[in-house]
Amino acid sequence: QQPVQSPQAVILREGEDAVINCSSSKALYSVHWYRQKHGEAPVFLMILLKGGEQKGHEKISASFNEKKQQSSLYLTASQLSYSGTYFCGTEQISGAGSYQLTFGKGTKLSVIP
Amino acid sequence: NAGVTQTPKFRVLKTGQSMTLLCAQDMNHEYMYWYRQDPGMGLRLIHYSVGEGTTAKGEVPDGYNVSRLKKQNFLLGLESAAPSQTSVYFCASSYIEVTGANVLTFGAGSRLTVL
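Heads up: the protein sequence lines correspond to chains A and B, in order.
The first sequence lines up with residues 126 to 238 when you count with this note's numbering.
The second sequence lines up with residues 312 to 426 when you count with this note's numbering.
Among the clues, some could well be false.
[Unchecked claim] Straight-line distance between alpha carbons at most 16 Å, and here's what the computed EDC-like set of lysine to aspartate or glutamate pairs gives:
#, chain 1, residue 1, chain 2, residue 2
1, A, K175, A, E191
2, A, K175, B, E408
3, A, K233, B, D349
Because the hints were derived from the structure by calculation, they are not lab data.
Let's have the full structure, built from the sequences with the hints guiding it.
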């Protein structure tokens, strides 16, 4: 089942902040964040693991609330280069190991001068 | 290193024709995936593989078949293409880090149009 992302789209001026949310109805092992620019492949930004391990981007941060099965991506002091569509991907907890990454429908972020 | 390479990049098919998309990775990754991307739908998993010789169904497997005969290659086949299969197809590969992190590297995508 696809995670739910909000908002669907957001427009920012350079220097403004944004928060993108991702929620799932199932218990999660990890949450991934990817960014895709128009006509290009998705690029990895951040991963948050159950238990607190985090690996990611210098200027973008994220949180993972395991109990609520929710994650938020925080973009501060946005730059023009932040424009793109952001996808969260979730891995569910599975006794046999979890290899499926299920993506949300995406949040389109536009940063204007 | 090339990373993940998909061929072809573009293809137009007629309804009922068959074709194969090839994904090759040079990172020695165990896991490989095929996703399709449609406007407003995000990325949906078609099939995936956790190792050479193994495949499994994802969210939207109907109408597709896959094979992983060699570790570095993952093939996606359409036996009888339908207009509903018009999409951009992305291949990805990954490995599980010691921390448990499973980070995907995507190919550039293959745009398929079925008339």
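Results for each hint:
no.	hint	verdict
1	A:K175 with A:E191	7 Å, holds
2	A:K175 with B:E408	14 Å, holds
3	A:K233 with B:D349	14 Å, holds
In summary, this structure violates none of the numbered hints.
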